Each structure stands twice: as C-alpha cells, then as structure tokens.
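Asks: Please build the complex by placing chain B on the supplied structure of chain A, with the hints as guidance.
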Amino acid sequence: MADINIKINGIPVTVPKGTTVLEAAHMAGVDIPTFCYMKEINEIGACRICMVEINEGRGFRLVAACVYPLNVDGAEILTSSPKVLDSRRKTLELILSTHEKKCLSCVRSGNCELQTLCTEMGIEDVDAYDGEKHVYEIDNSAVHMYRDNNKCILCRRCVAVCSKWQGVGVIGANERGFKTNIGSAFEMGLGETSCVSCGQCIAVCPVGALSEKDYTNQVFAAIADPSKHVIVQTAPAVRAAIGEEFGYPIGTNTEGKMVAALRRLGFDDVFDTDWGADLTIMEEATEFIDRFKNGGTLPLMTSCSPGWVKYCEHYFPDLLDNLSSCKSPHQMVGAIAKTYYAEKIGKKPEDIIVVSVMPCTAKKYECQRDDESAAGVPDVDYVLTTRELARMIRRAGLKFTALPDEDFDNPLGLSSGAGDIFGATGGVMEAALRTAYCWLTGNNEEVVEFQEVRGTDGIKRSTVNINGTEIKVAVASGLANAKELLKKVQSGEEKLDFIEIMGCPGGCVNGGGQPQQPASVRNFEDLRELRAKALYDEDAGKTLRLSHLNEDVQKLYSEYLDRPGSHKSHKTLHTSYVKRSVN
Amino acid sequence: MATKTTVPFNGTAEQEAKLLAVIADHKGDPGALMPVLQQAQEIYGYLPIEVQKIISNEMEIPLEKIYGVVTFYAQFSLYPKGKYNISVCLGTACYVKGSGDIYDKLQEVLGIGDGECTADGKFSLEACRCIGACGLAPVLTVNEDVYGRLTTDKVKEILDKYE
Numbered sequence: 000m001a002d003i004n005i006k007i008n009g010i011p012v013t014v015p016k017g018t019t020v021l022e023a024a025h026m027a028g029v030d031i032p033t034f035c036y037m038k039e040i041n042e043i044g045a046c047r048i049c050m051v052e053i054n055e056g057r058g059f060r061l062v063a064a065c066v067y068p069l070n071v072d073g074a075e076i077l078t079s080s081p082k083v084l085d086s087r088r089k090t091l092e093l094i095l096s097t098h099e100k101k102c103l104s105c106v107r108s109g110n111c112e113l114q115t116l117c118t119e120m121g122i123e124d125v126d127a128y129d130g131e132k133h134v135y136e137i138d139n140s141a142v143h144m145y146r147d148n149n150k151c152i153l154c155r156r157c158v159a160v161c162s163k164w165q166g167v168g169v170i171g172a173n174e175r176g177f178k179t180n181i182g183s184a185f186e187m188g189l190g191e192t193s194c195v196s197c198g199q200c201i202a203v204c205p206v207g208a209l210s211e212k213d214y215t216n217q218v219f220a221a222i223a224d225p226s227k228h229v230i231v232q233t234a235p236a237v238r239a240a241i242g243e244e245f246g247y248p249i250g251t252n253t254e255g256k257m258v259a260a261l262r263r264l265g266f267d268d269v270f271d272t273d274w275g276a277d278l279t280i281m282e283e284a285t286e287f288i289d290r291f292k293n294g295g296t297l298p299l300m301t302s303c304s305p306g307w308v309k310y311c312e313h314y315f316p317d318l319l320d321n322l323s324s325c326k327s328p329h330q331m332v333g334a335i336a337k338t339y340y341a342e343k344i345g346k347k348p349e350d351i352i353v354v355s356v357m358p359c360t361a362k363k364y365e366c367q368r369d370d371e372s373a374a375g376v377p378d379v380d381y382v383l384t385t386r387e388l389a390r391m392i393r394r395a396g397l398k399f400t401a402l403p404d405e406d407f408d409n410p411l412g413l414s415s416g417a418g419d420i421f422g423a424t425g426g427v428m429e430a431a432l433r434t435a436y437c438w439l440t441g442n443n444e445e446v447v448e449f450q451e452v453r454g455t456d457g458i459k460r461s462t463v464n465i466n467g468t469e470i471k472v473a474v475a476s477g478l479a480n481a482k483e484l485l486k487k488v489q490s491g492e493e494k495l496d497f498i499e500i501m502g503c504p505g506g507c508v509n510g511g512g513q514p515q516q517p518a519s520v521r522n523f524e525d526l527r528e529l530r531a532k533a534l535y536d537e538d539a540g541k542t543l544r545l546s547h548l549n550e551d552v553q554k555l556y557s558e559y560l561d562r563p564g565s566h567k568s569h570k571t572l573h574t575s576y577v578k579r580s581v582n
Numbered sequence: 000m001a002t003k004t005t006v007p008f009n010g011t012a013e014q015e016a017k018l019l020a021v022i023a024d025h026k027g028d029p030g031a032l033m034p035v036l037q038q039a040q041e042i043y044g045y046l047p048i049e050v051q052k053i054i055s056n057e058m059e060i061p062l063e064k065i066y067g068v069v070t071f072y073a074q075f076s077l078y079p080k081g082k083y084n085i086s087v088c089l090g091t092a093c094y095v096k097g098s099g100d101i102y103d104k105l106q107e108v109l110g111i112g113d114g115e116c117t118a119d120g121k122f123s124l125e126a127c128r129c130i131g132a133c134g135l136a137p138v139l140t141v142n143e144d145v146y147g148r149l150t151t152d153k154v155k156e157i158l159d160k161y162e
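Protein chains in written order, with numbering that gives the first Met the number 0: chain A, 0 to 582; chain B, 0 to 162.
No wet-lab data here; the hints were simulated from the structure.
Note that the structure is predicted; figures quoted are calculated from it, not measured.
Mixed in with the good hints there might be a few duds.
[Said to hold, decoys possible] Calculated cross-link-like contacts (lysine-lysine; reagent style PhoX-like; alpha-carbon spacing at most 20 Å): (1) Lys-82/A <-> Lys-100/A; (2) Lys-343/A <-> Lys-227/A; (3) Lys-578/A <-> Lys-121/B; (4) Lys-347/A <-> Lys-570/A; (5) Lys-26/B <-> Lys-486/A; (6) Lys-104/B <-> Lys-121/B.
Bound conformation, chain A alone (with noise of 0.2 Å):
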C-alpha cells in the first residue's frame, strides 16, 4: 500500500496509508494510552481514553487513536495537547466514579493499568463525580479466580480473548448503560459454567476485576511447619517469564536465580517440572508408538495442558478416547515425589508437601482433580502462578536480580532440551518425536530438531518420516484453533496420528499465570515468540537433548516403574476423564 507523509506533535513521519492514529504514534515513539483496545480481537474503539486531536484539511478534531486509519496525506496529529489532556482525564474521572478504589489492598497495586495512567494524567481528585455506585459481590465459585466486578471498568478484553482466542464465551457484557456489568449467562457464577480455567481473562485485565486465588501465605505456612517435607517445582515457561517482574526484558530466561530464590524462601527440595517432562515423553511417546502399530484410537492427542483437557471434556465429550492418559508433568513429578522419592527419603506421603510454580491457572484447578493422587494424597498440594511466585519473592525481600544462579536440585532436577521446550507450543510434539525417532530407527542418540513444529502460528501440521513410515501430526495452540482443527478431525476432512494441543495461544509461556504486560506492550511485542526464544535457546545449548536419555529418568525405571508403559507406571503417572455439559 502506498505511503503517506503526516506529523505527529510537529514530527514529520511516513506510514502506510490505513495506518491507525495509534500505530503512527508507536512508530514515531509516542505510547498513546488504550484500554479496550487489543490488536485484532477488540477493535471496539469504546473505552475513548485514546482520544488525539486529528487535523485533516478542515480543522482540529478528537479521534479515538485505535480505530482511526490515517488516510489523508498531510495529516496533522497531536498525542498531548490540553484538549487531549483534558478529554483523557475526564474520561478517567468518569472511569473512576464507579471504581472501587482500594489501591492499598489491591493485587494489582503497581502494575494497574488505570493506576499508573492516573497518575501520569496527574488526576487529582478521584472522586470528581461522585454518584451512584454498584456493589458487586466478588464471584468466587471458580476454582482458580475471582471476579470483582466492583473494580472492573468495562474494557471488554476478557470477553474477547475468552471467545476470539479460546472459541469458549463463557463471559460477556450483560444489561446496558449503567448497569452494564461482566458475567455470565443467567447470572451463573463462573464455577457453573464451562470455564475452562485457562486464565487468559487474567493475563490480560488492566485492572484488578480477575485474579487468580492466591496461596501464598499457604506455602508460607507449610514452609514454616517443621512436620512438613516442603518441595518446590517449576515449569519450564516459568524461568522464561519470571524475569519480567523484576525489570529483566521479556525473553530472559532467569533460572538460575528463580532456583536460587526458591532455595532462599525455604523450600526443601527444589525440583523441575522439566525433568516431568521428560519422564511424560517416555510415557507418551509409548502410548503412541503402541497405538500407532496396534491400531489403538488414533489421531492421539497429548494432555498436558488442563484448560485444553478441560475444554475437550466440555466441548469434545466424544474425543476422550483419543487423549493421552498421561499425566501433566507437573502432576507426575508430584506423584513420583510422593512415592519413589518418599520411600527414598523415608518420609509418608502426608507429610510431603508439593508446591508447583506455573504459567498456568488450569493448573489450580487439575490439581484438585480425581484421579491425581497415585499415593493417596493429592499429587500436589499448592499450585501457584508466575505471579504469585514474584509476590513470595518480593514479601520475602529477596533482591532477585542480586541472587546468584543455582541449579536445581536432584533426584528430579535433571533435564533434557526436549523437557525444556515442553514450555512454548510444538515443544511437547517435537520432544515426542525425537524420542519416537529414536525408538523407531533404532539410533537411540540421533537429535532430530523438528522445525515445522516451531513457530506461534495457530495451527502447524507435518508429516514426518520415519524410516519410511509416515506420521501425520499436527499443533494447534488457543482453544479456537483447536475447535478449527478437531472438527476437522471429526468430520474425516483432516486424517492425523498424533495432536498436540495447548490450551493458550503460544502455549504455556503465554499462559493465564504469567506476568501481566500492559496494552502498551501486548498490542507492539510477541510474548509468545519472545518466550518460547527462551526455552528453544535453552535446549539448543545443551549436551543432553532428548528425553530417554536423561539418565535420572532412566534410574527412576530401573528403580521403581520397571518400564514406561508398564502397570506401575499407568497406576503412578495416567489418569482418566469425565464427559461435561457446556454452560
């Protein structure tokens, strides 16, 4: 498309024609504040505290920057004059009137997005207008989250990604004008609905209306009770994000010193969801080669992601049989601790604590699922976000950035590069297919990089060759793009063998539980492609690249399991599911 020569603030700057007010102004270097804005998802232009003064040949007018394609060369654009100024603290103002304003007890105090613009609007009076408010009862019938709606401003985001990116729209905008509020059909507390608890409602709300429920002084709790065994796990997407919440740039893995802080909040033991994941590739790359040559339901799909498994037990009763029985990593690492490293140890099973730290809110609700407890107990005790790991991290006044790196510890502390990657979409497929590889040929030390299964498009497919026989696979990440894919699946348009799916767009370094980016970022940067660099830079630079050969692993079956696949191992590390109505 052609350019066009426009002035932002006097700047001379060219775009292309159709460019928005708002990513001219970005070009240039100017952030124009947005709320409801989110690149092609909401595109809604409601929230007007985007507002600039636009000149295209007939005099100075206010425009809402998201949805205003720069057309008319010669344009003339202010991003702060006083008009501006002035229609952007009077819509806060009005944003304000019916905020509920504890800013003190606020979870989100410090990374509000409503906050910090007050304060670079310099709102002075926050109650401006003082009218009638609602009083909202907070919903807590989920497992995972609250909603308080009395601090929600109505941006909308939430209710976008849950229907554009997760095709789930169990949460909307009820009523009208003042009444407008954020639910549910039928006023159904989100717990009674078909939720799937992936949290990307979280991830991306300005404000403090979504939060995950929060278990920090519980592990501060058990960490502090002598009778208890307290062990500590992270996911691989985990040390990939962490980082962000002490000012690291987006994409820098910071494992070493997220171990170091775990190690320093006193935990006993500090162990690796990624040495999980090797241990799911040898159970799953079984169940698959064993499906694959004795005609069991194929395509197969994995199951380490709750909010996908969630979402086909709502929405693909019918395709149960084609998930994995495997466990998620982190539910097979807590069961391991509980009974192989318990007996090591010498310690019961109830007196073993697990604390998982992950990208994730699915998780919160996965671990208190049936069939999750292969000693008795619950395989883990505590799931906490991302989030919540930096809030124990700062409590404890831990300067983070200061801390040394450590390594984790072992007996499951080991992993593999095909663990590590677990964490960003294809990650799990690729490391089931080096070791598929392996198995198959015969060349049980070949690295085999799959790259067709890299990337953060919404759906990959491959067909890979292995010593002549083909295995048609396919990746799809975001709950919509895997409704896309499966109901091709159903319909016999798409013939696959093997599925990989996770519940959020990117996989699980952009997960419901990682740290909050404001608009300003998320509309201009990938998390997902940034984050998952991370992982794929972690697995390129190790020796150790595929999941058999993680020597732990291998101990672990000569010890205890016997072999993948063997009946120890399906009573200690599968599961099962259950058919659920859609609400």
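Replies: Chain B alone, transformed into the frame defined by chain A:
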C-alpha cells in the same frame, strides 16, 4: 439483573418444533440472532434459560452471548407475564407524586423485581412511562384496570381484589 427464576417452564413440543423451524429458516444468515430471539419470544411469550439453551445449541452461539443480547434490549423478557400484570407509572408527574415508593412497596410485598413474575404465576410487575393520566398521579394499572391517587398503604388493598 435476573434475581430469581420464577414460574416453572412449561414449553410444549409444539412450541419447540416451531422454534426449531425458525432457526432452520435462518441457518447460515449472519446476524440471525435478533430475528430468532424476537420470534422465540413470540412463540413462548418470554425467553427463559430453556429457550435460550435451545437457541445456543442449534445456532452454536455461546449461551452468555445470547443472554447478553436478551438483557441488553428492553424488548426481551426473561420472565413470563403473570395472570395479572401490574404496571406502575414512573413518568415525571407520577414520580414526583411518589410512584417510586409505590413501586418499591409492590416489589417488597410481591417479593419480585422489575420485569419478574411471582412463582405462582399470578402477578408480574413492570415500570412504565407516562400513561396519560397525570391528573390521577400517582397511577398504576392491573391489566386493564386503572388505579389513581395512590398511597403505599393502598397497595395491599388493590392486590387483595385479584384472585
């Protein structure tokens, strides 16, 4: 906001067949939800969860999206009309003469909110704007009967007239 489910749903197989035919007529039309909801309300008189679920399943639209539309537009009702529909005028003249208090009193006595219906299906309650009887303010109607110059202590007396 819906506060309670009132009258039990009594939809017939015939009504459902009609609704399914309406949905089939609109298959594949973008923006078909509004006309389908309008016709569904004609068929059932209101749009309870049972009806919205049929529409949700058949049209593959999340239930919440349908509920959001239904609660947005004043033309849609989540509740049936009672045998006796009470309409309280909240127009300017009636309002300054205290019809707001009468409306509150009725909600309290009947135990229902705006637009709702008592569980026995007897009374439904709604607010309306000026009905052109300002000289009698404050005014309410019960079906076709008009009651004027009201005070809150007359509410009970009026309700007692209806079996």
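Asks: Could you run down the list of hints and mark each one as holding or not?
Replies: Do the hints match the structure? See the list:
1. In summary, the hint linking Lys-82/A to Lys-100/A is not supported, as the alpha carbons are separated by about 26 Å, beyond the 20 Å threshold.
2. A distance of roughly 16 Å separates the Cα atoms of Lys-343/A and Lys-227/A; the hinted pair therefore holds under the 20 Å criterion.
3. Restraint check for Lys-578/A and Lys-121/B: the C-alpha separation of about 40 Å exceeds 20 Å, so the hint is violated.
4. Of the pairs offered as hints, the one joining Lys-347/A and Lys-570/A holds, with about 18 Å between alpha carbons and a cut-off of 20 Å not exceeded.
5. With a C-alpha separation of about 19 Å, the suggested pair Lys-26/B and Lys-486/A falls inside the 20 Å cut-off, and the hint holds.
6. Only pairs whose Cα atoms come within 20 Å are accepted, and Lys-104/B paired with Lys-121/B is accepted, the gap being roughly 17 Å.
In summary, the structure is inconsistent with hints 1, 3 from the numbered list given earlier, while agreeing with the others.
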